[in-house]
Structure formats: structure tokens, C-alpha cells
Amino acid sequence: MLIVSDTTISNRGVLETRSLPKKFMGRVQLVPRRGGFRLWTRMIVEIQILRYLSALLPFVAIPLLSRDLALPVTQAPLAMLIVIAFVEMKVLRLSKAGRARAVDADTAARRLDTLAFRARAALRKIAARHALTDGELRLVIEQSELARIAPLTLVSVQTDRPAPRLLSLDEGDRAALADLFDADLTERDLLAVNHRDDLYIRDIAQETRAVSAHARLAAALEKRAASA
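In short: position in the sequence shown from 1, add 774, done, that's this note's numbering.
None of these hints come from the bench; they were simulated from the model.
We treat Cβ as the ideally placed atom computed from N, Cα and C, and that holds for glycine.
Misleading hints may appear alongside valid ones.
What follows is a list of derived Cβ distance ranges for each label pair [said to hold, decoys possible]: (1) I856 x D956: 39 to 49 Å; (2) G787 x I823: 47 to 57 Å; (3) A999 x V861: 47 to 57 Å; (4) L827 x R801: 14 to 24 Å; (5) L831 x A1000: 44 to 54 Å; (6) K864 x E790: 51 to 61 Å; (7) L827 x A987: 49 to 59 Å.
Required output: the full structure, derived from the provided sequences and hints.
Below is the structure:
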């Protein structure tokens, strides 16, 4: 899971938006400030042109190994298109039937209920930490539709007050979001539901005025203790 905020992304310009929810995959390339080899590798796989070039590597290798095959291979654009389509549609994605078999309807509904419950709890905590009392916060969870590889999940907190924007999230805010996924609800579990629905972005809202006074007091005491 990559939490998307101006505190976690180096190229902050791509976070600007005029409407909500702000989407990232297939539109902009995020550059995380931190991240291990696995995160960077997974984000590189998401770059479509690099996937195309990787699928065409055999067409580069064969002419180097055999001069007799060099001309036929380099003059086979249709074969190249077929290979790219096979990798993209059959290897990296599920068929319509495969998406339907990913998870049953009852399990999908339970997973979405769990996600919504956790998301609103996190949003209430973040709203209290930021002393927000007007409008609503929206937790936007976007996943890559690529299957059979590790899921890539982007999580951001967005608001329309005073204008559409992504909320700046400090370490405490990011800690609140860390509870979204665990052994009972993993990123892959959510991806199975998204495959079934053919919907890869979830937008969960929480009215800031509904945050309790107790939650606001707890957030204020937490911040005071942290500053001390």
C-alpha cells in the first residue's frame, strides 16, 4: 500500500486536482519519497510502455541469434501486436469469467463492509487530528487491475474544502491508515472484489461534523503529548 500525500510523494505537482475523486493510475506517474525494491519494481511494472517493450524482447533476441530469421521477425508487426495483446489480456489480466470466479457475492459484500468500517474510523481520526468541522473527507482506495502479480494499492485522503485537494498527511495520519489492511482483509482480498465488480477505485466518505467530541479531545491530547 502506498499512501499518497505531499508528505510521501516527491513530484507533488501531480497531486493537484480540480475534481474528486482524484485518480492516478494510467494518468500520472508517482515518485515515492521512500520505498524498497519491491515497491519500485511493482510501480515500474505498472508503466504500460515498459510492459510492451518487455513482451517484445523475443523479437529483439531472435535476430541476434539467427541471421536467417532476422528479416521475417522484424517484418512481422501483426505477430508483435498479438504477443502484446496476449500478455496484457491473458497473462496480466483476468477474463470476464475469471473475474466472476474471483470471490463469491456474500464474501465480497462482507469485505466491502469491513473496508468501509475501517475507512470511516480512520477518517474520523484524521478529521479530529486536523480539527476539521466542515465538509467531508473521502478515503480513495485505487488498485491496479493487473492480476497474477502483487497488488498495487494507492490510498489518499481527499476533501473539497476549501477547494478540491489531497489532504497533507503526517506520520500520525498515516498510522491511522495502516489499519485498513491486515490478515483478515488483505490488499489481495480487496483486489478479488474489485476484479468481480470490474471496479478498481473505492471512494468512502465521512462527514467531518459527525466526528465526536471525545475523538477530537483524544486527538488534541495525542498531539500535545507528541509535541512535549
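Okay, the hints, checked on the actual structure:
no.: 1; hint: I856 x D956: 39 to 49 Å; in the structure: holds, 42 Å
no.: 2; hint: G787 x I823: 47 to 57 Å; in the structure: violated, 21 Å
no.: 3; hint: A999 x V861: 47 to 57 Å; in the structure: holds, 52 Å
no.: 4; hint: L827 x R801: 14 to 24 Å; in the structure: holds, 20 Å
no.: 5; hint: L831 x A1000: 44 to 54 Å; in the structure: holds, 51 Å
no.: 6; hint: K864 x E790: 51 to 61 Å; in the structure: violated, 37 Å
no.: 7; hint: L827 x A987: 49 to 59 Å; in the structure: holds, 56 Å
The structure fails to meet hints 2 and 6 from the earlier list, while all remaining hints are met.
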